[in-house]
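Student: These are the residues of each chain, in order.
2 protein chains.
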Amino acid sequence: MADSPLKLSILGLGTVASGVVRILTAENEPVSRRAGRSFDIRHVAVRDVSKPRDVSLPDGVLTEDWQSAVSDPEVDVVVELMGGTMTARDAVLTAIAAGKHVITANKALLAEYGDEVFSAAREKGVCVAFEAAVAGGIPIIATVGRLLTGNRIRSISAILNGTSNFILSEMAGKRRPYDDVLAEAQALGYAEADPTMDVDGTDAAQKLVLLTQLALGKRVDLSQFIRQGIDTLELSDMLYAEELGYRIKLLAVTRVVDGQLEMHVQPTLLRADRAIAQTDGALNIVELEGDAVGQLVLSGAGAGQMPTASAVVADLVDVAIGRAQQTFPLLDLWQHDSRLSVLPPEKIERRYYLRFKVADKPHVIADIADILGRHEISLASIIQHEAPEVDATESGDVIVPLVIMTHRTTEGRLRSAESELRRLPTISAAIMRMPVAD
Amino acid sequence: MADSPLKLSILGLGTVASGVVRILTAENEPVSRRAGRSFDIRHVAVRDVSKPRDVSLPDGVLTEDWQSAVSDPEVDVVVELMGGTMTARDAVLTAIAAGKHVITANKALLAEYGDEVFSAAREKGVCVAFEAAVAGGIPIIATVGRLLTGNRIRSISAILNGTSNFILSEMAGKRRPYDDVLAEAQALGYAEADPTMDVDGTDAAQKLVLLTQLALGKRVDLSQFIRQGIDTLELSDMLYAEELGYRIKLLAVTRVVDGQLEMHVQPTLLRADRAIAQTDGALNIVELEGDAVGQLVLSGAGAGQMPTASAVVADLVDVAIGRAQQTFPLLDLWQHDSRLSVLPPEKIERRYYLRFKVADKPHVIADIADILGRHEISLASIIQHEAPEVDATESGDVIVPLVIMTHRTTEGRLRSAESELRRLPTISAAIMRMPVAD
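In order, the protein sequences belong to chains A and B.
Quick note on numbering: the first sequence equals residues 1 to 438 in this note's numbering.
Quick note on numbering: the second sequence equals residues 1 to 438 in this note's numbering.
Since the hints were made in silico from the structure, they are not lab data.
A hint or two may mislead.
[Said to hold, decoys possible] The following residues of chain B were derived to be distant from chain A, with all beta-carbon distances above 10 Å:
1. V31
2. R47
3. Y113
4. E131
5. R146
6. G150
7. S155
8. R219
9. E234
10. D273
11. V436
[Said to hold, decoys possible] If you anchor each label on the Cβ, the simulated ranges turn out as follows:
12. S155/A to G14/B: 51 to 61 Å
13. P73/A to P344/B: 50 to 60 Å
14. S236/B to A26/A: 47 to 57 Å
15. V257/A to T25/B: 21 to 31 Å
16. S155/A to P52/B: 33 to 43 Å
17. D280/A to Q384/B: 52 to 62 Å
18. K347/A to G245/B: 44 to 54 Å
19. E184/A to D194/B: 57 to 67 Å
Note that the structure is a prediction, hence the values are computed from the model and not measured.
Using N, Cα and C, we set each Cβ at its ideal position, and we do this for glycine too.
Throw the hints in and build the complete structure from the sequences for me.
Tutor: In structure tokens, the structure reads:
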């Protein structure tokens, strides 16, 4: 080891941070050899030093004072694994101001305050590395930022949220309703006590924002694209999709279409034979398309202690070697490519899956088809089974599900048609609508 | 652009080199921005400057004199895309001696002379980058060498040869015999006029040697592991595999088993529902297992002009930025980890697929089962169809195929059993044997 040890402060000692400590302190760890220098954990800032921990650290390393951990002039790099956006933002900006390199797994922080954090780092001449912020152990940040430098990336289609993918896989595989699976996932610790950010698509959307910025130099706000969660999916939707030859995944998509950026995070029907449709459980997958490389697919553990720690340690090695410092100022995080505008949602063109609950009366299908037709939406297929799940309205009508697959149309046309459809007295509940991937 | 242009010499102007030139000279190419400097192609060495080319280069760039191209004191980096091992070795060593960084896509060169080339570069303080040498556009060299630095890699299972995978996919998908498909692949230009290296497993084995050296710091010679080609496969093998729920792929495997290295390149039966079994056509796929990251899968175009050029350009950007120079001395190419020995082939334990052609006579199956049993090989399943392809020996016996799947056993036991089986007069042709992946 010619070089001096890399001195680090870790903020937080939850699951991932413990994993990082475990890798760095393991016997015969391979990390120092590959970095050309050793790692010296100077401070680990936690909220409560008296809490029992499953990793052992030398005396004096644990502290409740993140400010000193971040400002210690001896420290080279601050690893932010505390989560949240309030204190994390303070801590990261304080670290940058003190001239420390920053490694973070905090996609919420970067999706919300990325511009501020990246600009501060650039001005100060330090780097921000964030491999662990997207897709856990899958090295997608490096792939997009460093390994496809000869490419113009044209599209990203990805499963980026393990919790919702686990829920969808269980629903489809075991024919269990959403609420059941969610409750079990919470009991097993796969889902948070408050799973809102996972199941409503926010987490996946934050990751997509980061990937898009890195791949296309364009910062998009969450409010600029469609985000639809999995929390309104019924088990019947999984079964209809299967009958039609599809599987449903919470798909995050960025595509360049005629010089505009199409983006959305939605439960989406994917042909069952595609790799992405077969990505089950807590796995993540990213399908990229570059103009030179063609299609490139990466899949692996999108979360979990050691896979995420693997990504954090890769960043640490990059900082130790000096690669991260060279890479950061050249990333496409700053382009703000003015030629790329976000395609307004209404103009997005796709096929759609529509599931209605309708009164089992004459002329119902004709009414629906008429409205769709007047909005220039043509039907590709219809399913209405003879022995459906039976429900009844207050008026005593028998309610049956009706599924329609459309041909290609725009989101705008569909929205107009939908607002008319909602006024049909024979449609008894919210219309379920999902896009179908090409 | 603060830095001066990176000056390069390209050796060869075949398919891949033309792709590299095309990326670097395209209008609004994104490469210079990402590298922080521009690229200046000083020399392109070819065998015949008068041959018509589909890329345009400034006057004086094309030359038949590779020695001057390599030795020009102005040149920073030599991109070796001439192929072959004789002149390529000379050229690369000359470039290194002249203090140039080297980028090469030449797996044969590195599999055969890697130690010499890597050591020369290390001594001279230059780097050798070779992303394009394995799996074309898939950034597997970077992933193994730079992105999984917190992991001990435990296994690699991969499809690394596009030509043989194309042939196997066509045989299985279109029920066509080997010779037919090969002839078509050659006519279409997918297979070389002499496809030996592709179909006998040499190409995949060379790539596996490189990946293994990088992932495990252990240099293994091609003679130390089993290499079996696809050229003895019959269409019937594809059909039996399918009947049993498998697909056959030319699988390259490195695994650490009890501190020893199990390696082989063989047509292998893989459960049909696995992603690797569904990787068809000219695609490549690499499944890695690391102790922290768990399973990570990368798939994409394993060959072809632009995917391979994408990998070469990524290396060029790494050299331009200085990342490649920092990375190279720290790669696990030098460990020669003495604790890892190569597991002798006889000790490898797997299940096997055996296909016999036997005389349709009493006691044939009993004789085979008896020999296998005496070698402690137990049978998992047997297929002998009632209406088989009928053949006849000189003695007039009717010849029928018989397929046996064994339980787990060693290669050694199977080899002993096989040499006894070959002496059975009721077995009329070579025994086809393939491992079954776990």
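Student: Hint by hint, say whether it matches the structure.
Tutor: Here's how the hints hold up against the structure:
1. V31: violated (6 Å)
2. R47: It holds; R47/B is separated from chain A by about 26 Å at its closest Cβ, greater than 10 Å.
3. Y113: holds (24 Å)
4. E131: It is violated; E131/B is separated from chain A by about 8 Å at its closest Cβ, not greater than 10 Å.
5. R146: violated (7 Å)
6. G150: violated (3 Å)
7. S155: Its Cβ never comes within 10 Å of chain A, the nearest being 14 Å, so this holds.
8. R219: holds (17 Å)
9. E234: At roughly 27 Å from the nearest Cβ of chain A, E234/B sits farther out than 10 Å, so the non-interface label holds.
10. D273: About 8 Å separates D273/B from the closest Cβ of chain A, which leaves it inside 10 Å; violated.
11. V436: Given a closest Cβ separation of 21 Å, the condition holds.
12. S155/A to G14/B: 51 to 61 Å: Given range 51 to 61 Å: violated, Cβ gap about 29 Å.
13. P73/A to P344/B: 50 to 60 Å: Check passed, 56 Å falls within 50 to 60 Å.
14. S236/B to A26/A: 47 to 57 Å: Once the Cβ atoms are compared, 50 Å apart, the range 47 to 57 Å for A26/A and S236/B holds.
15. V257/A to T25/B: 21 to 31 Å: holds (27 Å)
16. S155/A to P52/B: 33 to 43 Å: Holds, since S155/A and P52/B (Cβ atoms, about 35 Å apart) stay within the stated range.
17. D280/A to Q384/B: 52 to 62 Å: Between D280/A and Q384/B, where Cβ atoms are some 37 Å apart, the hint is violated.
18. K347/A to G245/B: 44 to 54 Å: holds (46 Å)
19. E184/A to D194/B: 57 to 67 Å: holds (58 Å)
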